[in-house]
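Which chain is which? The protein sequence lines are A and B, in order.
Position 71 (the first sequence) corresponds to 889 in the working numbering; numbering is contiguous.
Position 16 (the second sequence) corresponds to 29 in the working numbering; numbering is contiguous.
Hints listed in this document are in silico derivations from the structure and should not be mistaken for laboratory results.
Ideal Cβ placement from N, Cα and C applies to all residues, glycine included.
Keep in mind that a hint or two might mislead.
Label-pair restraints from in silico Cβ distances [what the hints assert, rightly or not]:
1) B:Glu262 <-> A:Lys868: 18 to 28 Å
2) A:Gly866 <-> B:Glu276: 21 to 31 Å
3) B:Ala40 <-> A:Leu919: 32 to 42 Å
4) A:Gly866 <-> B:Lys261: 25 to 35 Å
5) B:Val107 <-> A:Ala864: 36 to 46 Å
6) B:Gly540 <-> A:Asn839: 42 to 52 Å
7) A:Leu919 <-> B:Lys251: 19 to 29 Å
8) B:Asp442 <-> A:Ala838: 49 to 59 Å
9) A:Ala826 <-> B:Glu276: 15 to 25 Å
10) A:Tyr916 <-> B:Asp503: 44 to 54 Å
11) A:Lys868 <-> B:Thr552: 47 to 57 Å
12) A:Ala838 <-> B:Lys413: 49 to 59 Å
13) A:Asn848 <-> B:Asp91: 54 to 64 Å
Below, computed lysine-lysine pairings styled on BS3-like, alpha-carbon distance capped at 30 Å [to be verified]:
14) B:Lys413 <-> A:Lys823
15) B:Lys47 <-> A:Lys920
16) A:Lys888 <-> B:Lys251
17) B:Lys20 <-> A:Lys888
18) B:Lys20 <-> A:Lys931
19) A:Lys886 <-> B:Lys254
20) B:Lys20 <-> A:Lys910
21) B:Lys143 <-> A:Lys886
22) B:Lys120 <-> A:Lys906
23) A:Lys823 <-> B:Lys251
24) A:Lys823 <-> B:Lys261
25) B:Lys251 <-> A:Lys868
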Amino acid sequence: MGIIKSVADLKSLRSSIQEANQKAIIENNNVKPIEINVAMATCGIASGAKEIIDFLIQELPKRNIVAKIKKTGCMGYCYAEPTLEITKPNEKPMVFGYVDLKKADEIIEKYIKLGALVDGVIPINYELAT
Amino acid sequence: MSIKYRKNLLICNGSSCQEASNFDLVAFTNTKLKEYGLDDDIQAVQSVCFNKCSIGPNMVVYPDNIEYSTITKDDIDDIIIEHLLNGRIVERLVYDDVNKISGSNKKQYRIALRNCGFIDPEAIEDYIEKDGYDALAKCLTAFTPEEVVQQIIKSGLRGRGGGGFPTGVKWDITSKSVAEQKYVVCNADEGDPGAFMDRSILEGDPHSVIEAMAICGYCIGANKGIVYIRAEYPLAIKRLKIALEQAKEYGLLGSQIFGTNFEFTIDIKYGAGAFVCGEETALIHSMEGLRGEPTLKPPYPSVSGYLEQPTNVNNVETLANIPAIINKGAAWFASIGTEKSKGTKVFALAGKINNVGLIEVPMGTTLREVIYDIGGGIVDGKKFKAAQTGGPSGGCLTEKHLDLPLDFDSLTAAGSMMGSGGMIVMDEDDCMVAMAKFYLEFTVEESCGKCAPCRIGNKRLYEMLTKICDDNGTPEDLDLMRNLSVVVKDTSLCGLGQTSPNPILSTMTNFYDEYHAHVVDHKCPSGQCTSFLKYYIDTENCIGCLVCARNCPVNAIFGEKKKLHIINREICIKCGICMEKCKFDAIYLK
Chain A
819 MGIIKSVADL
829 KSLRSSIQEA
839 NQKAIIENNN
849 VKPIEINVAM
859 ATCGIASGAK
869 EIIDFLIQEL
879 PKRNIVAKIK
889 KTGCMGYCYA
899 EPTLEITKPN
909 EKPMVFGYVD
919 LKKADEIIEK
929 YIKLGALVDG
939 VIPINYELAT
Chain B
14 MSIKYRKNLL
24 ICNGSSCQEA
34 SNFDLVAFTN
44 TKLKEYGLDD
54 DIQAVQSVCF
64 NKCSIGPNMV
74 VYPDNIEYST
84 ITKDDIDDII
94 IEHLLNGRIV
104 ERLVYDDVNK
114 ISGSNKKQYR
124 IALRNCGFID
134 PEAIEDYIEK
144 DGYDALAKCL
154 TAFTPEEVVQ
164 QIIKSGLRGR
174 GGGGFPTGVK
184 WDITSKSVAE
194 QKYVVCNADE
204 GDPGAFMDRS
214 ILEGDPHSVI
224 EAMAICGYCI
234 GANKGIVYIR
244 AEYPLAIKRL
254 KIALEQAKEY
264 GLLGSQIFGT
274 NFEFTIDIKY
284 GAGAFVCGEE
294 TALIHSMEGL
304 RGEPTLKPPY
314 PSVSGYLEQP
324 TNVNNVETLA
334 NIPAIINKGA
344 AWFASIGTEK
354 SKGTKVFALA
364 GKINNVGLIE
374 VPMGTTLREV
384 IYDIGGGIVD
394 GKKFKAAQTG
404 GPSGGCLTEK
414 HLDLPLDFDS
424 LTAAGSMMGS
434 GGMIVMDEDD
444 CMVAMAKFYL
454 EFTVEESCGK
464 CAPCRIGNKR
474 LYEMLTKICD
484 DNGTPEDLDL
494 MRNLSVVVKD
504 TSLCGLGQTS
514 PNPILSTMTN
524 FYDEYHAHVV
534 DHKCPSGQCT
544 SFLKYYIDTE
554 NCIGCLVCAR
564 NCPVNAIFGE
574 KKKLHIINRE
584 ICIKCGICME
594 KCKFDAIYLK
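Could you build all of it, start to finish, from the sequences and the hints given here?
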C-alpha cells in the first residue's frame, strides 16, 4: 500500500499541495510567481520546445525573475509550435506561439518585465470543463 | 517589477484580416501611437487569428478586453483619441452580438483535453491538485459498480475510437459476464493517417486514463488493466510508465485502493503499429502474442476476449471522459452535444487548414465552425473542397455539408463517419481521385491478408485508381470499381475491409465529375495528377538550340537549328528531361 490509504488521505495530500503553492507565494514577497507552461508533447519537442524550456530555466534566475516553469502536454496549437502559456500574477493567461530563442528572449524582456505583448499572441478559444 | 506598458493593442494577422485591411495595420497603428506620443506605454502587436474573420480586421485592446471589428485606417485615430486618451469605448466599432455574425470565438469545450497543456504529465501532484483521482475515490467509496455503470449509461457517452458504441452498455455487458478473471484494455493503437488525439492525451494527461481504467475495473469486476499502445509513441509510453509508477507509489494502483478491497494493476503491451490492431479482436490477438488478425464477432470481447476472458476494450479518449463524468455528473455530460451523441469530440485538424491542431468541440458543432471559426479557414484563402473524416474508413464531407452538425449519426448519414477524430481538409488544388488512391494505398498496405475480399479486392481497387490517375482509365473502370467496392464492403471479415472502399464510394458520390473528367476528358481538373500534364514548347522562349531534341531519350522532339522545336506527344513519355535541360525556360507543363 502506498501513501494514499483513504479518501481523507487524498484530500489532505491535495491541501498540502495547495499549501506548498501558498508557501511559494509568501516566500516570493506575497506575489504569486509567474507561471510558464511550455507545451512539450512530441510535436512541441520536435519544433524545439526543449531548447526553449532549457533557456527559460537557465535565463530567468539570471535575470532575477521568479517563475514556476512547467512542461505540459499538447495545448493544441500545432500550427504555432513551440508555444508558451504565461500567467502573470492577477492577469489572464497569455499564449505565445512561434517561439524561438530570440522570441523567448523578447518575451522575457518585453512581456514579463514590461508587460508589453510581442507578435504571435494566440487568442484563447476554448472553455474548460473544470 | 515595473509594468511599463499600460496597454497593448492586439491586431489579428490572420490572412483574412490582412486581406480585408490590405495594409500593415500594426505598423500603421504604431506610427500613429508615436504621433500621439503614446508609444512609450502603448504598443500594437500582431496576434494569431481571432477566428472572427467575417467581421475583420479585428483588434483587441488589452488588458481592457475590448474588441474592435471591421476597423479601417481612419478608425485608428478614433480608437486612440476616444479609447486610449479619453477612456471611452468606441461603441460603433464594437460588435456586441458577435454570435449573430460569426459566433463566439469560444467554440471549443474541453472535457477530454481538460488537463492537456495545463499540468505536468510527469507529476501526479499536478493531476491530484486538479481534482485527480476524486472520481475513483467517489466510485469506490460511495457507489456500487452497478450505480457507476448506470451513470455512464445515463451520460450517453459513446466510444470515441470510431464505432460509437455506448460505453456504459459495453461496461454493463462485461460486468454481467461471469468469469474468474476479467480485463480492462485501453486501446491506444491510433493508426489513422493524420490523427493524434490519443497520443496527445497520453502525453498530456496520462493519469486521467489510468484513473478511468481503474473505475472501469471496479465496474466490471476486473483487477487487471492493459494499455495496448503502439511502439511508435515513445514519449507517450515514457510518460505513461512514469504515471503508472507514481500511481503505484501513491497507492492509487495496487491492492486495497482507498482502503477498500478493490485491487487493480495496469500493464503496458506494445503494438508494432499495424492499423488493423486498432480493431478490438485483432488487438486482443496481438496482445496474446498471436498474429494481429481479427476474428468474427460474436463472441464479443465483452464475453470472450483476452485469453478468452471477458475483456472491456475502450479507446483513450473515451476513458479520458470518464473521470469528468463521475465528478460532474451524468446529467451535466448529457446536457452537452446532440440528441444521440453526447459530450464533446476531439478532432485532429490537418491538411490545408490555417490552424492545424488539436481541438475539442461539443458534438453538433458544424463543419463550418470547425473549419472557419476554429481552424482559421483554408490556407492562402483558397476554396474549401472537402474534409475527410474517419481516416481511411471514412468518407469526405463537401461544401454542401458545411452546415452539418458533426455527430455520430449525421456523419454516417452523410456517407462518412466520425471515426477516431482525424479531419483532413482539402482545397481546390486537391484531386479527389488521388485522395481516394492515397487511402487505398494505405489500406492495401495495412490489410492483414486473412480474408480474400480485403486482401485481393482492395489491391484491385488500388490498381484501378492508379490506372485512372495515370490517364489510362476508361468509363467502364468506374462501374467496375463501384461494384467491386460494394463487394469488398459486404464480404470482408472485419471493420478494416468493410470500410476501406468508403473513400472511393464517397468521392464517387460527391465528385463524380472529377472521375468523369479523368476517364472521359482525360483531364485532372485540379491538376494534381501529373500524368495528365503535357509538355509544351514556349514559342517565344525557344531559340532552337536543339539541346532538348538531343537529350530526349525517345526522340520525341523535332526541329531544326534556330527554328521552333515541336514535341510529338504520341511518342513523348513525359520523363521531363527536356524541361530540365532547357536553359531558356522554353518548355513548360500544362
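Hint check results:
In this structure the supplied range 18 to 28 Å holds for Glu262 (chain B) paired with Lys868 (chain A), their Cβ-Cβ distance being about 26 Å. Remark: the range hint 21 to 31 Å for Gly866 (chain A) to Glu276 (chain B) is contradicted by a beta-carbon distance near 43 Å. At about 25 Å, the beta-carbon gap between Ala40 (chain B) and Leu919 (chain A) misses the expected band of 32 to 42 Å. Taken as a hint, the range 25 to 35 Å holds for the pair Gly866 (chain A) and Lys261 (chain B), whose Cβ atoms sit roughly 34 Å apart.
Roughly 41 Å separates the CB atoms of Val107 (chain B) and Ala864 (chain A), a value that falls within the hinted 36 to 46 Å. A hinted range of 42 to 52 Å is violated for the C-beta pair Gly540 (chain B) and Asn839 (chain A), which are about 58 Å apart. At roughly 25 Å, the beta-carbon separation of Leu919 (chain A) and Lys251 (chain B) lies within the given 19 to 29 Å, and the hint holds. Between Asp442 (chain B) and Ala838 (chain A) the CB atoms are about 54 Å apart, so this pair conforms to the stated range of 49 to 59 Å.
For Ala826 (chain A) and Glu276 (chain B), the Cβ-Cβ distance of about 20 Å falls inside the hinted range of 15 to 25 Å, so the restraint holds. Between Tyr916 (chain A) and Asp503 (chain B) the beta carbon distance is about 49 Å. The supplied range of 44 to 54 Å therefore holds. For Lys868 (chain A) and Thr552 (chain B), the hinted distance range of 47 to 57 Å is satisfied, since their beta carbons lie about 56 Å from each other. Range check, Ala838 (chain A) to Lys413 (chain B): Cβ separation about 56 Å, and the 49 to 59 Å hint holds.
Between Asn848 (chain A) and Asp91 (chain B) the beta carbon distance is about 41 Å. The supplied range of 54 to 64 Å is therefore violated. Only pairs whose Cα atoms come within 30 Å are accepted, and Lys413 (chain B) paired with Lys823 (chain A) is rejected, the gap being roughly 57 Å. A hinted pair counts as satisfied when its Cα atoms are at most 30 Å apart, and Lys47 (chain B) with Lys920 (chain A) qualifies at roughly 25 Å. Our distance criterion of 30 Å between C-alpha atoms is met by Lys888 (chain A) and Lys251 (chain B), whose separation comes to about 17 Å.
About 27 Å separates the Cα atoms of Lys20 (chain B) and Lys888 (chain A), which keeps this hinted pair within 30 Å; it holds. Of the supplied pair hints, the one linking Lys20 (chain B) and Lys931 (chain A) holds, its CA atoms being roughly 14 Å apart against a limit of 30 Å. For the hint pairing Lys886 (chain A) with Lys254 (chain B), the CA-to-CA distance comes to about 25 Å; that is within 30 Å, so the pair holds. The suggested pairing of Lys20 (chain B) with Lys910 (chain A) holds, with an alpha-carbon distance near 14 Å, which does not exceed 30 Å.
With a C-alpha separation of about 17 Å, the suggested pairing of Lys143 (chain B) with Lys886 (chain A) holds against the 30 Å cut-off. For the given pair, Lys120 (chain B) sits about 25 Å from Lys906 (chain A) by alpha-carbon distance, which is consistent with the 30 Å threshold. For the hint linking Lys823 (chain A) to Lys251 (chain B), the alpha-carbon distance of about 27 Å falls within 30 Å, and the restraint holds. Note on Lys823 (chain A) and Lys261 (chain B): the hinted pairing holds, with a Cα-Cα distance of about 12 Å set against a maximum of 30 Å.
As the CA atoms of Lys251 (chain B) and Lys868 (chain A) are separated by approximately 16 Å, the hinted pair is consistent with the 30 Å bound.
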